[in-house]
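Undergrad: Read off the chains here:
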Amino acid sequence: MSNIPETGRTNRVTVRLIAIQILVFSLLLTLGGRLWYLQIRNGQEYANEAKSNHVQQVVEPATRGSILDARGVPLADNQTRLVVSASRTELLKMKDDGKAVLGRLAEVLGMSEQEIRKKVRLCDAKTPQPCWNGSPYQPIPITDEATTQQALQIRERSEDFPGISAEPTAVRRYAAPGNANTAQVLGYLSPVTDEEIQKAKDSRSPLLRSDQIGRSGLERTYDSDLRGKAGVTRYEVDNLGRVIGKAKSDPQVPGANVVTSIDARVQAVTEKELDQAMKDARNEVDKNTGTHYKADSGAAVVMEAKTGRVVAMASSPAYDPNAWVGGISGKDYAHLTGKKSNYPLLNRAIQGQAAPGSIFKVISTTAAVNAGYPFDGHYPCTSSMNIGGQTFKNFESENFGPISLGRALEVSCDTVFYGLAYQQWQKDGGNKPKADTADWFYKTAHQFGLGKETGIDLPNEVRGRIPDRQWKKDYWKANKDAWCAQGKHADDYVSKIAKENCESGMKMRAGDSVNYSIGQGDTLVTPIQMAVIYGALSNGGTMYNPTVGKAVVSPDGKHIRRIAPAAHGKLPDSPRTLQQIDKALAGVATRGTAAWRFGGWPQDKIPMHAKTGTAEVYGKQTTSWFATYTKDYTIVMTISQGGTGSGASGPAVRKIYNAIYGVNEKGDIDNKAALLPKPESKLPKIEDDGTIQAGVIKPYVPPKPKPSASESP
Amino acid sequence: MPRYTPETGLWGKLTARDSVVRRLDWILLLAALVMSLMGAMLVFSATRNRTELNHGDEYYFFLHHLLNLGIGLGLATATIWLGHRTLRGAIPVLYGLSVILALLVLTPLGATINGSRSWLAIPGGFSLQPAEFAKITITLGMAMILAARVDAGDRPHPDHRTVVQGLGLAAIPVAIILLMPDLGSVMVLGAIILGVLLSSGASNRWILGLLGTGVVGCLAIWQLGLLDDYQIARFAAFANPSLDPAGVGYNTNQARIAIGGGGLTGSGLFHGSQTTGQFVPEQQTDFIFTVAGEELGFLGAGMIIFLLGVVLWRACRIARETSELYGTIVAAGIIAWFSFQAFENIGMTLGIMPVTGLPLPFVSYGGTSMFAVWIAIGLLQSIRVQRPVSASR
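As they're listed, the protein sequences go chains A and B. Residue numbering for the first sequence follows our numbering, starting at 1 and increasing by one per position. Residue numbering for the second sequence follows our numbering, starting at 1 and increasing by one per position.
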């Protein structure tokens with residue numbers, strides 16, 4: 001009993017009580033430590049997680065801005081339509097992946113079930129259009145042409161149509177005012193993809209899943225201006241998604257309007273006349289091939305000479321850009337992109353390239369003058385020229401005797417330029433080129449901006465090509481194996497050429513240089529490049545970056561960002577040479593190759609300058625080129641496999657000028673009928689409430705050809 | 001020198017130098033009271049928006065919590081008044097009552113909440129959790145048996161027979177509660193039994209044996225598939241918190257986000273977005289600590305742990321200072337109870353213990369729990385003031 005202390009407790013109990021106490025306080029310390037770890041050490045991490053836990057976003061897409069012509073006529077705007085869409089995520093939740101629902105929907109909409117099912121599948125490498133290439137979490141539009149009755153049926157029987165919605169939605173409309181289709185210039189929209197959302201995440205204009213994005217044309221170039229910013233309302237929600245408050249929200253900012261320099265009226269005329277010229281060409285028989293001209297494609301550019309602003313730009317074949325609205329159908333897509341389609345999506349004014357033919361001669365003339373040949377010298381214009389054992393003929397073997405460079409332009413004499421190019425080729429060492437070749441003709445082409453983009457504000461412009469020494473070397477390296485293989489059995493023409501190319505394709509041959517001087521051979525140019533050059537000839541030598549966009553105007557019309565004309569270079573001509581070329585080109589229109597197309601033109605009031613071109617393409621019919629300018633405008637037209645420059649394109653260009661200036665066939669000027677005697681300098685007025693004061697527009701009716709009796713023979 | 005005269009007035013009795021009131025452990029009382037009041041505010045914050053629970057009255061839980069606290073204080077006062085020594089005689093009756101109540105839970109009178117049939121529905125919309133009373137009666141019962149011969153001066157330590165008797169007494173309610181099944185309460189009872197045996201001075205072999213039984217029991221429960229799926233899932237979620245964050249891992253995940261998001265000072269009472277958004281389930285009861293963590297931050301939540309520490313510190317002092325083994329064992333049982341239950345409850349919200357349905361003493365909403373912990377406070381105070389066996393008995 002002696003070990004029982006007075007408290008009635010043994011040592012064992014005391015020790016155990018102390019042990020309990022230590023255990024208890026270490027448990028509490030553990031809790032405290034863990035609490036510090038969660039709240040202080042990692043607190044920020046959890047705070048962020050808590051934030052994302054309870055904020056839900058509701059996205060209200062921004063109204064896309066309109067694309068307006070120079071007078072405010074909408075070329076692209078928005079329209080409210082009843083859009084029926086399906087939510088993929090909802091459909092996939094169903095046992096049959098929504099088959100039954102889509103079947104009922106097909107019945108209501110009068111579409112085939114097959115068609116609807118194709119529309120809601122996701123695009124991948126193996127899936128052809130129609131398919132959905134937007135975000136799989138975004139409702140997929142099935143049709144934007146639902147009738148009110150159909151929409152009501154879907155809404156009233158919502159239990160039969162889970163995951164299907166029918167809502168009035170703003171969709172893009174390409175109105176084609178006055179039949180000015182302008183398809184390739186405007187471009188089109190399609191839904192944004194997940195990769196694009198990722199890419200644009202940290203940029204200044206992040207994309208939302210609901211966004212449509214411009215895929216080509218102005219819609220693409222000015223996409224960030226037109227798109228605006230979607231309104232995002234952020235709601236704080238509880239665990240069941242019930243709204244318990246509002247967090248920081250971003251209001252919807254509608255997209256800005258883009259005012260272009262396009263004049264819908266001139267555009268309509270240009271499109272109509274290009275189309276007519278191609279139709280007419282198809283009625284003409286090609287003397288070389290004995291068949292009708294194919295006139296498979298064509299382009300025309302009307303540009304302000306003093307600013308580079310594009311007034312009209314037509315490309316044929318064209319298409320209806322509304323086909324893209326609300327998701328493109330499989331048939332339409334094949335029609336636009338298939339092998340048989342002839343690729344109407346291409347804007348041939350900036351993406352079509354061909355040898356320039358004789359409209360290139362302004363460059364050769366400049367090259368000759370800069371190489372030291374006097375403009376007014378005498379150069380033999382023989383009917384043919386023998387160079388290196390090959391005979392190079394003048395066009396239609398004409399012989400004009402010794403003439404000046406100006407006259408050579410007027411009558412488009414080939415042999416004058418052959419001679420000059422051959423002399424230069426010899427000076428540069430001929431077949432054994434010197435180390436420092438002058439290459440005047442090639443250097444000048446580069447100085448004229450060829451082989452390079454003009455910098456127009458439209459996407460995917462092509463560069464064309466100058467077949468200079470460097471290019472020849474590169475091209476030979478890339479192709480020699482194929483050429484040499486083909487050249488082994490040298491019996492037909494193609495194989496012979498291949499053999500020759502295999503052996504000496506890396507060299508600049510005499511024939512190459514001679515052909516090149518008149519715009520034939522491997523040279524490729526785009527209509528817009530030639531428009532820039534002829535515009536520069538008109539304005540005294542400044543090569544402007546062509547622009548379609550003229551200003552970006554906020555929806556309320558208050559903030560205007562003007563797109564000022566910018567130049568990318570000067571022509572390498574002295575003012576005197578420019579004057580001489582200008583005079584010669586006026587001569588082309590009055591007494592040269594284009595004179596027959598400008599009969600009765602009021603040359604004293606509106607001096608006209610022109611150059612015709614007919615480019616030969618191996619295995620195809622000739623490409624028609626027509627490059628013209630007045631003091632204010634330059635018009636370039638080309639028709640592939642369309643015949644001669646003046647023959648195929650001439651009448652169309654003349655009629656476009658007639659419409660612009662109000663000139664009739666006889667040469668009278670009617671200022672009231674003139675569509676645009678001076679380039680539009682003002683911007684259309686956009687009111688505070690977003691309404692636009694647009695000019696009136698009537699469809700273009702081409703003047704009927706007068707009875708032949710009244711025409712002079 | 002003034003002559004000592006016994007006070008006769010009530011006030012005089014209460015304030016006399018040797019009065020019960022003066023001898024109470026006021027620090028213990030104050031700490032427990034502050035925790036209970038903090039609990040009221042936190043319960044209010046967690047429930048004022050839960051219209052599906054609070055019958056449209058945002059003060060419903062707040063007021064009921066205060067009412068429970070009032071009843072708890074009353075029970076504590078009664079306990080002190082009667083004294084733990086007086087209660088010693090009533091222990092068999094109380095024990096029997098608690099066993100009967102526990103058994104009733106297994107009858108159709110029992111109600112199942114959250115997969116556990118541990119509630120007894122009482123007419124009038126109230127419900128009782130008999131396991132809470134069992135915590136007290138097991139403590140008292142075992143203390144009575146184990147201390148009887150030691151306090152009588154017969155032996156320095158309880159002998160094996162006595163230990164077997166004590167364990168036998170505990171085994172009956174433990175078995176019943178295991179049948180409910182209310183694993184959380186069983187674990188607390190295990191901790192109490194361990195605390196009681198330790199403080200009684202029972203042979204080390206019993207302590208080790210009990211620990212061994214615990215481990216073997218856990219393995220057996222696991223192996224024999226006695227656990228419900230939801231319980232297995234909870235353990236899985238504990239082992240791997242990122243598992244199924246929308247399902248079984250949801251509670252722990254959201255609880256940790258709430259606490260972690262609180263930072264040093266918290267978002268302020270009623271301003272916790274996790275709490276307002278009701279992302280944490282059972283927040284007014286088992287997960288009340290997350291409200292403290294989010295809205296009061298490290299300072300507020302740490303305060304609760306600190307106050308628990310104060311209560312346990314005072315309880316340890318009381319256990320050490322009392323002269324009878326009976327009082328020591330009761331105090332130690334209460335220490336084991338409070339500390340284990342608090343550790344398990346806070347630990348699960350912090351992600352260091354698996355989730356079980358146990359309230360946080362004093363803080364969580366829940367009548368039976370509140371009554372039980374305040375009776376325990378009453379017992380601790382009673383041990384401290386050493387009231388003699390009531391003469392009236």
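Since the hints were derived computationally from the structure, they do not count as laboratory data. This one's a predicted model, so the numbers in the text were calculated from it and none came from an experiment. Treat the hints with care, as some may be off.
[Claimed, not checked] Examples of chain B residues toward chain A, derived with CB under 10 Å:
1) 9
2) 96
3) 162
4) 260
5) 298
6) 331
[What the hints assert, rightly or not] Cβ-Cβ distance ranges computed for the label pairs, FRET-style:
7) A:196 <-> B:306: 20 to 30 Å
8) A:196 <-> B:127: 56 to 66 Å
9) A:30 <-> B:78: 28 to 38 Å
10) A:148 <-> B:56: 38 to 48 Å
11) A:40 <-> B:217: 52 to 62 Å
12) A:148 <-> B:55: 38 to 48 Å
13) B:107 <-> A:157: 32 to 42 Å
14) A:19 <-> B:306: 17 to 27 Å
Glycine residues also receive a C-beta, built at the ideal position from the N, C-alpha and C atoms.
Undergrad: Does each hint hold? Answer for all of them.
TA: Each hint tested on the structure:
no., hint, verdict
1, 9, "violated, 35 Å"
2, 96, "violated, 29 Å"
3, 162, "violated, 15 Å"
4, 260, "holds, 2 Å"
5, 298, "holds, 4 Å"
6, 331, "holds, 9 Å"
7, A:196 <-> B:306: 20 to 30 Å, "violated, 55 Å"
8, A:196 <-> B:127: 56 to 66 Å, "holds, 58 Å"
9, A:30 <-> B:78: 28 to 38 Å, "holds, 35 Å"
10, A:148 <-> B:56: 38 to 48 Å, "holds, 43 Å"
11, A:40 <-> B:217: 52 to 62 Å, "violated, 38 Å"
12, A:148 <-> B:55: 38 to 48 Å, "holds, 47 Å"
13, B:107 <-> A:157: 32 to 42 Å, "violated, 51 Å"
14, A:19 <-> B:306: 17 to 27 Å, "holds, 22 Å"
Of the numbered hints given earlier, the model fails hints 1, 2, 3, 7, 11 and 13; all others are met.
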